[in-house]
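Novice: Now for the letters of each chain:
2 protein chains.
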Amino acid sequence: MAAGTREQFLDSAEVLFAERGFYGVSIAAIASELGLTKQALLHHFGSKEKLYGEVLRRISDQFESMEPGPDPSPADAGHHLKTYLLDIAQTALQSPDRTRLLMRELLDNKHRAERAGTWYLKPFLERLIGMVRAIPAWREAGDADALALVYQLLGAINYFGVSKPTLLGIFGSDAYADLDEAFPQRLGRLIDIAISSPD
Amino acid sequence: MAAGTREQFLDSAEVLFAERGFYGVSIAAIASELGLTKQALLHHFGSKEKLYGEVLRRISDQFESMEPGPDPSPADAGHHLKTYLLDIAQTALQSPDRTRLLMRELLDNKHRAERAGTWYLKPFLERLIGMVRAIPAWREAGDADALALVYQLLGAINYFGVSKPTLLGIFGSDAYADLDEAFPQRLGRLIDIAISSPD
DNA sequence: CCGGGCACTTACCGCTTGGTAAGTTTCATA
DNA sequence: TATGAAACTTACCAAGCGGTAAGTGCCCGG
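Which chain is which? The protein sequence lines are R and P, in order.
The first sequence lines up with residues -4 to 194 when you count with our numbering.
The second sequence lines up with residues -4 to 194 when you count with our numbering.
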């Protein structure tokens, strides 16, 4: 089960990097999660940086394979975008570890800019901009306006997706359960009204 | 200039913690920023954790002192909230370091829950919920709905406030300049339409 | 003029870190 | 049955970490 070990390393690395950040986890800690030594990990990945890079690449691949479906008619473009964004939100809320890891990467790639040559978000953002511009009401809008819109919606999604421990601590589990139910519904409304009135 | 040194330590600690995270910065690195040794830092703060705590407390104090002004008439409540949120956005975008640091804290206080007893965000969020409920159209809405709304708007603000290096890397400085101009304007619109239609 | 506290330094410590070197075991294949 | 690569292990290392101990120079009140 050698190939399995590799995947298992990536799995626990993803979880631990998400929880504590790159510098907050030692490769020994990741390896001991599987009952192995850090040299087993180094045997598979060569270095901590490369392991981290592979975790990121795997996430990026999964993102890439998340297809929005065929282009709809202009009349359906708004609904198409909404469905896609709600899909993203659902994925983000279901995989909070991945959401956390990507937000950490957003914070870190200033300092570690050399590795940031990947820009896993780029095709994803460009696809979203295209989907906005496909909506008749947005045909006249500039790229900057479309990007500002999608970035606001992505921000709303990801920020919430990362806040569960804090919100639980502040408001308690009962209030959080209410919020968790209200959020997707309100997000749907926010998307509706945001894309229906470009100016 | 002893008191000055303390503030300077807090200043450079804030910047470095924001850029690289708690585990990514050594106290020696913070101290050498002022041309001092790490023991000078330890003399003032006792430990790295305490230094970090004081950085957070200072930010929390500044937040607390950011007053929204007197309660307006119900008719003006919407405009009042909008102004306040745009103020927050402006502050967040003008102090990207602070925004980064707070987002890191949001990510970290799961793992380091013991320190998280502060919940600096709590009074802030409760104030915002109150401001939403003061809007006539939102009087019937539940707390969860109001919180979902403000959290979406805060997410939109903070996520963008933290993304400059990434967006620069993806789209280049020209496109980023356009986005930087479009964002506040579009944020104002988003707030307008979001608070005007609760259901 | 002198005593004590403040701001800071040099010296040191035990521990952890990422990484290297050199095996050892297992197992498929020739 | 020999061979060699893959998947690990134990042993080790230099560097960096946060923190302690013991000064050193300086200024300020008695």
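Source of the hints: derived by calculation from the structure; they are not laboratory data.
Please read these numbers as outputs of a predicted model, since none were measured by experiment.
Be aware that one or more of the hints could be misleading.
Which copy is meant is left open, because identical chains are indistinguishable; a pair holds if it fits in one copy or across any two.
Using 25 Å as the maximum straight-line C-alpha spacing, the simulated PhoX-like pairs for lysine-lysine come out as follows [unchecked claim]:
hint, residue 1, residue 2
1, K33, K45
2, K117, K105
3, K117, K159
4, K105, K43
5, K77, K117
6, K105, K77
Novice: If a hint holds in the structure, say so; if it doesn't, say that too.
Specialist: How the hints compare with the structure:
In this assembly of identical chains, K33 and K45 lie within 25 Å of each other by CA distance solely inside one copy; the values are 14 Å within and 31 Å between copies. For the identical chains of this complex, K117 and K105 are intra-copy neighbours only, at 16 Å inside a copy versus 29 Å across copies, given an alpha-carbon limit of 25 Å. In this assembly of identical chains, the alpha carbons of K117 and K159 lie at most 25 Å apart only when taken from different copies (14 Å versus 27 Å within one copy). Taking the shortest Cα distances, K105 and K43 sit within 25 Å of each other both inside one copy (19 Å) and across copies (23 Å).
With identical chains, the CA atoms of K77 and K117 are at most 25 Å apart within one copy only, with a shortest distance of 20 Å there and 31 Å across copies. For the identical chains of this complex, K105 and K77 are neighbours neither inside a copy (31 Å) nor across copies (31 Å), given an alpha-carbon limit of 25 Å.
Comparing the model with each numbered hint stated earlier shows that hint 6 is the single one that does not hold.
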